[in-house]
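Asker: These are the residues of each chain, in order.
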Amino acid sequence: MGKKKKRVEKVFCYYCDREFDDEKILVQHQKAKHFKCHVCHKKLSTAGGMAIHVLQVHKESVTKVPNAKPERESTEIEIFGMQGIPPDVLAAHYGEEEDPSSKVAKVEVPSLRPPVMPNPAGMVYPPRPAYGVAPPMYNPALNPLMARPPIWPTPPPQPWFTQPVVSVPQMASGLAPQQPLFPIQNMPAPMTSAPTNLLQTSFPMAHVGVPSPVTPQVSQPLFPVSTSAGNGAVSSPYVASVAPGSIPTSSPSVAPAGVGYAATNQGTGGPAAVPPPASNNKAPATQPGANEVYLVWDDEAMSMEERRLSLPKYQVHDETSQMNSVDAAIDRRISESRLAGRMAL
Amino acid sequence: MATLGLAPNMNPNKSFEVLPNPGDSVSSLSFSPKSNLLVATSWDNQVRCWEIVGGSSQPKASISHDQPVLCSAWKDDGTTVFSGGCDKQVKMWPLLSGGQAQTVAMHDAPVKEIAWIPQMNLLVSGSWDKTLRYWDTRQSNPVHVQQLPERCYALTVNYPLMIVGTADRNLVVFNLQNPQTEFKRIQSPLKYQTRCLAAFPDQQGFLVGSIEGRVGVHHIDDSQQSKNFTFKCHREGNDIFSVNSLNFHPVHHTFATAGSDGAFNFWDKDSKQRLKAFSRCPLPIPCSTFNSDGSIFAYAVCYDWSRGAENHNPATAKTSIYLHSPQESEVKGKPRIATSRK
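Chains G and D, in that order, give the protein sequences. Numbering follows the numbering used here, in which position 332 of the first sequence is assigned residue number 332; successive positions increment by one, without gaps. Numbering follows the numbering used here, in which position 94 of the second sequence is assigned residue number 94; successive positions increment by one, without gaps.
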C-alpha cells in the first residue's frame, strides 16, 4: 500500500547516472561523490543536508551538487539512493512510463488536522462533532444484540484477524521440517500468499530541504533512535530528550512533516544515531538516581497489575492459603516496597 | 501546560468519549474483527461491550467476573468474546447469540493475556502461574500446557508467529505450527521489564515496550538483527513512563504507542519517524487498540497503578474510554521521497 514499486533494474545515481547493483553501494557512492563537504570532507546523507552543513559550519553556500550532470545539480531536490528521483528521470532512465499522479500523491505534506477524511478502507468514520450525546444509561440487562443478530454491519474490507495466513519465509527457513502437532482440529495448511516484507532496507530518513536552516530544529519529531539491539538502554544515556509530552498543549498536532531522521546531520553534524544535540544538555548517566531521572514504575520484580492486585481489597480470603509462587512474590514485594519507601512525588 | 492547577482536561485531544464510563480502570480494549463492537475489561470485574455506530456509542451488554478482569480477545468470526482475569479463569461470552458466559479455561494464577488463534481454532492463555495453555473451548482440560520461564506479562499472535513476554525480560518466540517447542528464547532487547508486545504484520519480528519509556523494534531472523533498534518515548523531563500498549495499524502497518504519561503517538518503524504526537491526557493510558479497519483508535484514560497505591484516590479516580479517528496522514507511513520537481 503506497509502497513504491520495486525496480527490477539496477539502481542508478540520480546525479551522474552511474549504475550500481546494490542500493547500499549507491548510497555510499552518493555520500562520497555528491554529498561530501568540500571543506571538511564530512559525508552527509543528502544534498540538502550537505548544503546546510556547509552553510552552518563553514559559512559558505553551496548551490550545486558536486560531480553532478549539469541539469541535476540542484541541492533542493532530495535524493537518497533511489528515493526522491523525479518520475520523469526515472522513466527516462528505465524507459518506462510511471504514473506521475502516484508520485505527486506521495509528495504532499500532510496538513495539520485536516477535516475528517474518508479512511483508506473506504469506510467513513464520522467527524467528531457528529458524535451523539450521551447514550442512555448503561443497562446490562438490556441486550439489543439479541434483538438483531442477523443484521451485522458488512465486514470491513480488511478484517484483520481473519487475514489469510502468510507464510513466514525468514523464520520458517530456520525451522526443522514441520512436525506433527498436538491434536488440533481444523488445522489449515499454511497458505503461501506472497509475503509482503514490510521491512525493506530502512534508510535514515532525510529531511526535506528546510528553507531556513537556522531554525533551531528541536529533536522533537525525531525518532530518538539508538541503533542496534544490544546497546539499548545501557549504553545510551538517559538523556531526557525533548519528550513527546513537551508538545505545547495548544498544538497537539506537531506533525513531523518533513523533518526527518537524518536531520540531525544539519546541526553540529553529530552521527545520526545519537539523539540530536539540542539545547538539552542533561549529562548522560547510567543510574537514574544519579541524575534525578527515574522510572515512574520501577519495580522489575513485579508488574503494575500484580502490585495492584496485592491490595487487600482484591484478596479472596478462602484462597489465600493457596500460596503459589505469584502470591509469594507479591507478598515479598509488598513487604519490600513498604520498607523501601517508594519514590516521592 | 496552562491547564494545570485547574481541573485537568481529561480529553485534550477532543476525542469522542465512550459512555457510560466504566466503574474502574480499564485493563484491556478489544474491537470485534467483524464490526465496531468494542469490549473493555475493567478492574471493577466487568466486561462491557459498546457498539460504535454512526457517531455514538451504544452500551450493549456486560458480564462480570469474580475478580478484576485483565484481558480480552474476540473470536475471529466476531460472535464471541473471551475475557480472563484475576479469578484465574477465562470466560467465553457468546455475545451475539446472547448466551451465558461460561468458563473455558483455568489457571493457577491470574490470567494476564489471551488470544484466539483462528488457524488452530484454539484459545491461548498466558498467566502469572508461568504457563501458557491452549484451549479447545469445549473441553475443560487444556489441549496443551507450555511452561514459561516466568510469569506471563505480554503476548502477541500473528499466526504462525507468537511472542510471549514474561517477567525477568524473557521473550519466548513460538512458531505455532509447532507450538510445543519454543522456537527461540531471547532476553528482551530492552533493559527493563517487558510491558507489551506487538508482532509485525509481516511476521518478521515484533515490537516490545518496557516500563522504561522505550520501544524495541526487533527482528526474529538472525540475518536481520542489524535492522534492530530501540527508541525512547513516553518521557517527560525527569520522568520515564511505561509504554503500556503497542498496536499496529491494520491497514498501514504503522503503529501506536500509549504510555503511563497519558500520551499516545503514531509511528512508522520503516522510516523511523513519529507520524503524530497527541496531547498528553492527565491520566495514564493503560491500553489501546485499533478497530479492524483502522478507522478508530480506542484508548482508555485512567489510573494504571504506575505510581502505586499512594497515588490512587478511589473517590476521585476517573476512567474514560476515548475514540480517535485517525487521519490518513497520521497513520500512513511517510514515503521516503521528498520534493520532486516537475
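Simulated from the structure, these hints should not be mistaken for laboratory data. All residues carry an ideal CB built from backbone N, CA and C; glycine is no exception. Check before you lean on any hint, since a few could be wrong.
Stated by the list, open to error - If you anchor each label on the Cβ, the simulated ranges turn out as follows:
1. S226(D) x Q56(G): 56 to 62 Å
2. N11(D) x D22(G): 46 to 52 Å
3. H38(G) x P282(D): 51 to 57 Å
Said to hold, decoys possible - For lysine to aspartate or glutamate, the following DMTMM-like pairs were computed, each having C-alpha atoms within a straight-line distance of at most 20 Å:
4. K42(G) x E71(G)
5. K184(D) x D222(D)
6. K318(D) x D44(D)
7. K33(G) x D88(G)
8. K184(D) x D221(D)
9. K191(D) x E76(G)
10. K64(G) x E76(G)
11. K313(G) x D202(D)
12. K313(G) x E310(D)
13. K313(G) x D24(D)
14. K191(D) x D202(D)
15. K191(D) x D298(G)
16. K69(G) x D88(G)
17. K313(G) x D66(D)
18. K191(D) x E292(G)
19. K191(D) x D88(G)
As the list claims (entries may be wrong) - Computed footprint of chain G on chain D, listed as stretches where at least three residues anywhere in the stretch have a Cβ under 8 Å from a Cβ of chain G:
20. 60-73
21. 232-245
22. 307-315
Asker: Now look at each hint and say whether the structure bears it out.
Answerer: Here is how each hint holds up against the structure:
no. : hint                         : verdict
1   : S226(D) x Q56(G): 56 to 62 Å : violated (31 Å)
2   : N11(D) x D22(G): 46 to 52 Å  : holds (50 Å)
3   : H38(G) x P282(D): 51 to 57 Å : holds (52 Å)
4   : K42(G) x E71(G)              : violated (25 Å)
5   : K184(D) x D222(D)            : holds (11 Å)
6   : K318(D) x D44(D)             : holds (13 Å)
7   : K33(G) x D88(G)              : violated (23 Å)
8   : K184(D) x D221(D)            : holds (10 Å)
9   : K191(D) x E76(G)             : violated (41 Å)
10  : K64(G) x E76(G)              : holds (9 Å)
11  : K313(G) x D202(D)            : violated (43 Å)
12  : K313(G) x E310(D)            : holds (15 Å)
13  : K313(G) x D24(D)             : holds (13 Å)
14  : K191(D) x D202(D)            : violated (26 Å)
15  : K191(D) x D298(G)            : holds (12 Å)
16  : K69(G) x D88(G)              : holds (16 Å)
17  : K313(G) x D66(D)             : holds (12 Å)
18  : K191(D) x E292(G)            : holds (19 Å)
19  : K191(D) x D88(G)             : violated (48 Å)
20  : 60-73                        : holds (count 8)
21  : 232-245                      : holds (count 11)
22  : 307-315                      : holds (count 4)
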